[in-house]
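Engineer: As a plain string of letters, each chain reads:
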Amino acid sequence: MHEFFGVPLPALLGQLTLGLVNGSFYAMLSLGLAVIFGMLHIINFSHGACYMMGAMFTWMALEYLGLGYWWALLLVPLVVGGIGIVLERLLLRRLYRFDYLYALLLTFGLALMIEGGFRQAFGVAGQPYAIPEALAGAFDLGFMMLPRYRAWVIVVSLSVCLFTWYMIEKTRLGAYLRAATENPGLTQAFGINVPLMVMLTYGFGVGLAGLAGVLAAPTAQVGPLMGSNLIIVVFAVVVIGGMGSILGSVITGLGLGVIEGLTKVIYPEASAVVVFVIMAVVLWFRPAGLFGKGA
Amino acid sequence: MNPQRMPFGYLVLLALLLVAPAVIYPVLIMKVMCFAVFACAFNLLLGYTGLLSFGHAAFLGGAAYLTAHALKVWEVPTLLGLALGTLGAAALGWVVGSLAIRRQGIYFAMSTLALSQLMYFLFLKSPFTGGEDGLQGVPRGSLFGFDLTSDTHLYYLVLAVAVGAFWLIHRTINSPFGQILKAIRENEPRAISLGYDVDRYKLLAFVLSAGVSGLAGALKALVFSFATLSDAHWHTSGEVVLMTLLGGVGTVLGPVVGAAVIVILQNELADKVGSLVTVIMGFIFAACVMAFRRGMVGELIALYRRMIGEKVQ
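Here the protein sequences come in this chain order: A and B.
Our numbering puts the first residue of the first sequence at 1, with every later residue one more than the last.
Our numbering puts the first residue of the second sequence at 1, with every later residue one more than the last.
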């Protein structure tokens, strides 16, 4: 049996794939934050709550409507994105002309309301959600068993991240979006509906969080508190990677997930804090972040 | 609120606080005072330096642990315990501040939140904090022969310390140092171009704010005779933002008013609505941001200025 750092290889590889799964969630969430930040110049504090809603809706769809995983995968991101669009139209939009911190505080207030509401309705205990049949079981790779669902999460989230990158960097719509980010007034003068794009961008970013929530439902206990601790780690990921680059946030997210997974094998006590420690080191030596251009 | 009339208003408030324990449960007022000191310290950063820290719970909670540990295990005199908590929080503030001020704006807020979460995990795992149970049965000790286990005796100590902290913040805001902080808040590049070492001023403001927040935490540990994880939780960081926002960011008395309203509200609601408290806090947050950005004291000042015919922006 091969060993690394006195750890048997299968255990190491198991934690590695688990780290990649967590990293996929970090990547999707920090990508959503980066897309929203690029367009709206706000940080969406309710992102964790949207992720939690994604998972809770997935569970509720099965519990109350009998709609299974595949329906949830299709519908829940749309519903969460729709809620985001309503919030943007009714509330956030009125704050763009004020200091950035008001939007931050508003989304923080919304996060408290969403989390508190779900806690009141469902209690704090987590609910289990079964892995869909088609994705149950594991691939036998010879040197390790790879659970199918883990592979699925990694593949889906990487595809979504790549798709987002392609949309923003390579398509006409993306070009409008980048133009509106650079100079909203001028872009609007060219006849492009910038407020609509802002609204859809927010909806998309929040929908990504919802999708991450659906993907997370079978991997963790689904409960009202699952978003808030995760989002603080994602904030650290964002500080480490910077929000200037889309591929940067994806790579940072995945990389930190892997590092966290490996820490669980080598020194489990530190796994909860390793991302924060890396953030402190990055702040010290490279304050602009790994992919940042200036602070 | 004519600045010349302010000292009179302060004297009235002080007189009310001196007689208040005869009417109101002293522990509640002490809790309000702890959070008022905390919010004033926070306001020094947000209101006067323009830095939004989302990690101030680390200083409140850290100082509470340190003071509780010093009083209980090392059995130091009460005042020394308070001083140790304050200094510990200031030292922690120096570390956190040196890292966080390397980024501006939103990144600053996120870094402070993440660093305070790091501290939260350390408190959770360290043996000296008692983990989930916290440190309980912290002795209050005595001062100048007065036994502080009496709520009334402790009340006057807490009042004296809170007034001292308030005075310190007030003096800081109105000092040349405070003027430079306001200049940084208004326009950081301009302050740099005038030759000020902006990072040094920001760090000093951060350390001062962390230290006074620590004093609040140390007092809180003394009042309740325990220190727990919830003081260091990010919810508490959010609460102090809410208190400051509700009372009025960048006003001297705003954080005091905000702290009083929130603490009393939580006290009243705690038994009645359960976890809906979080929803209500979130709603107040959203309402303040959407409709009420000056806060209670800020709106009063604006109203007063309108009445005397001054232009309000």
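Some hints could be false.
[Unchecked claim] Computed from the model, here is a short list of chain A residues facing chain B with C-beta under 10 Å: (1) G117; (2) R119; (3) L173; (4) Y176.
Calculated directly from the structure, the hints in this document are not laboratory data.
Every residue, glycine too, gets a C-beta built ideally from N, C-alpha and C.
Engineer: Would you mind marking each hint as holding or not holding in the structure?
Structural biologist: The hints, checked one at a time:
1. G117: holds, 5 Å
2. R119: holds, 4 Å
3. L173: violated, 26 Å
4. Y176: Violated - the Cβ of Y176 of chain A stays beyond 10 Å from chain B, reaching only about 24 Å at its closest.
Hints 3, 4 from the list above are not met by this structure, while the remaining hints are.
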